[in-house]
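2 protein chains.
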Amino acid sequence: MGCLDDGHFGVELDNGVKLSCIELGLEGEPETVAIENAVKVLLQGLGEDVNREGLLKTPLRVAKALRQGTTGYKQKVKDIVQGALFPESGLDNAVGYAGGVGGLVVVRDLDLFSYCETCLIPFQIKCHVGYVPRGQRVVGLSKLSRVADAFAKRLQDPQRLANEICSALDQGIKPAGVAVLLQCSHVRFPNVQSFFLDSNHQGWAKVLVSSGSGVFENEKADAWSDFFSLMRFRGISLDKIHMRDCTEQCWCPFHSSSGEIFSSNIGPANPGMIAAATSILRSLGEDPSRKELIGTPSHFVDWLMNFQNTNFEMKLNGFVKGKNDYIRSNGEIIRNEEQLHTELNLSFWSQCEHHLLPFHGVVHIGYFSADGIDPIGRSLLQSVVHFYGFKLQVQERLSRQIAQTVSSLLGGDVMVLIEANHTCMISRGIEKVGSNTATIGVVGRFSTDPAARSMFLESIPNFATSAGSDFSSTA
Amino acid sequence: MGCLDDGHFGVELDNGVKLSCIELGLEGEPETVAIENAVKVLLQGLGEDVNREGLLKTPLRVAKALRQGTTGYKQKVKDIVQGALFPESGLDNAVGYAGGVGGLVVVRDLDLFSYCETCLIPFQIKCHVGYVPRGQRVVGLSKLSRVADAFAKRLQDPQRLANEICSALDQGIKPAGVAVLLQCSHVRFPNVQSFFLDSNHQGWAKVLVSSGSGVFENEKADAWSDFFSLMRFRGISLDKIHMRDCTEQCWCPFHSSSGEIFSSNIGPANPGMIAAATSILRSLGEDPSRKELIGTPSHFVDWLMNFQNTNFEMKLNGFVKGKNDYIRSNGEIIRNEEQLHTELNLSFWSQCEHHLLPFHGVVHIGYFSADGIDPIGRSLLQSVVHFYGFKLQVQERLSRQIAQTVSSLLGGDVMVLIEANHTCMISRGIEKVGSNTATIGVVGRFSTDPAARSMFLESIPNFATSAGSDFSSTA
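Chains as they are written, first to last, in the numbering used here: chain A, 3 to 477; chain B, 3 to 477.
Same shape as in the complex, but just chain A:
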């Protein structure tokens, strides 16, 4: 029997985790093919042509991303920790605590991501893990990260994730105690129907959860005080922690019980799409009838429907602006001296058509005008941005579409800069958490005048939409 027939030939990665060789390929496996077929149904439900070149491989990309993002189901903690427990002297208890007896060890700021079990959209995690060694032994530091990752790479809820990491490390290391603190950020798009109304929309649902065992079992324990003292530097203070009771209410913005009904309101959900989303859960090895997953297919479909292909064109309704000419009362036409004007930090939300994953950030628009004021107003520009954002997109196209449209609104000389975080660069195999993407579109004078471009670009303040970066201020 050759390799290709043997889907379960195991190879061992550095972490001692066994992965099937074929799984790493993924392509052609029945589960992958099933997800691909489901994604085709979803794309068709969005009114897309699945044979369009940009979408041709999207089903395969989505299937691989989902399967790679859920490899945790196949990983065993015992395999990860085994062979990474090392003898290490401690101090005599009468003297103090350090090393392999009682010396607190904390690994901070591990970047992880999970798929939200309520809506199937990835959420970001800053994970802090600590433990207190016992019995003159310590665990290799990287194993704390490996174990956390094995549980993150599943369909998850923040509190369950914290509990599972905690319990697994407790069993694997058998220490005096384990502490897990997770800062989770879930994208929270404005509703496509209501984006005009909600100009102060908060882009992230955030939750801070903890789980503790042993000396961390009691949330008032001194061990937690030490742990939080080490977290304080990161803007986290004890009173902000939603200790274990936050399981009561689902944090996902797509969950109706959260009091925020998020739905495309475009009519009853397409049963074919719901069935397709359900089959995706099954292909990932999940049980779609598990209590927490019952509403997931319809949440996911509702979300996707925000990006359906409407074929509407943006109607400019007489907003088209002429050149910046000014007619004096005597009939003389004068070209006014024009000044650079900007509308900065217009938020946008979109869906990557290659991976069906969100990307979002800000749009900056620069233009020349003699009037000194924006002739059409920030809110109209914001709706142009939303109009093109709420589609299956690529950032390059979004830049072009906004530049073209705004150019006809504002009179020809327009520059657009889009700065975005792409979920597809953070999750999947890439995991470039801090990365972000800038694209530029220029029309008219900006395309030939480097000084004009530079003047615009230098008017833009520093950019930070990273999910984790502003956690402390909005948690």
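What the hints contain is simulated information worked out from the structure, not anything from laboratory work.
One thing to keep in mind: the hints can contain errors.
[Claimed, not checked] For each label pair, taking beta carbons as the anchor points, the in silico distance ranges come out as:
{"hint": "1", "chain 1": "A", "residue 1": "277", "chain 2": "B", "residue 2": "94", "range": "37 to 47 Å"}
{"hint": "2", "chain 1": "A", "residue 1": "311", "chain 2": "B", "residue 2": "290", "range": "55 to 65 Å"}
{"hint": "3", "chain 1": "A", "residue 1": "94", "chain 2": "B", "residue 2": "58", "range": "51 to 61 Å"}
{"hint": "4", "chain 1": "B", "residue 1": "55", "chain 2": "A", "residue 2": "58", "range": "20 to 30 Å"}
{"hint": "5", "chain 1": "B", "residue 1": "346", "chain 2": "A", "residue 2": "97", "range": "20 to 30 Å"}
Just so you know, even glycine gets a beta-carbon here, dropped at the ideal spot from N, CA and C.
On the provided structure of chain A, position chain B as indicated by the hints.
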């Protein structure tokens, strides 16, 4: 023929890169075994017992880390980019530039790491890649990251890395131009022999390099101005760039031609260790006689020899301090009211004994004293830290050793916090770039008094030793 006999059965990862199935296992492959044997020779040369439990699997871990960190040799850019070029409309050139024609695309802040070809120690990279699309097509954004990573995962020099990424993307995408900007940080340890003399030691050698093709070919081109305007937010300005001429001088602190001779000066290098390091290069698929690699084995061995097992014990030479008692002139003994004193941010440098990779950061020491001043001085504490740092270590042990020693110097009640960045958490399969590790050791009063611990921990200012974080201020 079964799978196990076929070392070259290819599986395709998400990025289209073919990796041999067995390579992913690595264990047992001839190249891995050869590196393991070489690492045993190196450990013995350091005076270590290769059968000590903490070191037992070190040869295998080092071999896997090195091979995983150099998988780039086997990746083909064509395979990565193929299938990820998408048709995308642009604007008419007469109107402007956007989308698939001329709209600059920049992916910023990709975290990468490479092995320095001069000394075989990993260095960190913040990579910024841009290109100007041409011919109505764009490339999937993640491929810019994949291609950069394929060249980073080799033995590298910053300028060559920039050139290779640039040239590969240019050939793969055939755009109007490619721009690559790399911020590289190479650990620059103080010499074990001279750490007393160099209290202002800079922990990082840093270099900023760029490479451009097409519209970025000329470094004065307008395209570069646009690119740098987008970088400005990150503290990089044009005049800080060592444009292509920086190849003249090697940046690696271990290279004698840089004017900084870094050597353990512990006598002539052990020929067996040099031969072992040379065989590692060969096992990674490199040619040890390549010009840039000629000195690498001896640089690597010189570096390692800083951490040799000396079996010296730290001699306290009468520095042992008694209790904080004070004898009045009338002979009455009074226990003074003691206050918390701290010595913060003592730098340390060490070598992880599990992976033979550097870890480094700061040590904070808290103690109680009635005198109001440090009775032994910061420099002695700094040398205690260096004494225990310059060994094959684990952070937990380092905390214990420093706590124990300082406790005998400063009178019993001591708390030690070590905050560290571990190269082994950044490179290899983990790649948790922003992560850092805190360990605590407590002696005496601190082990029973949570308020004392908390008082100490809260006296410590925010921590940031990340290589990239302070690039702009020291470049």
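Check each numbered hint from earlier against the structure, then list the numbers of those it violates in ascending order. 3, 4
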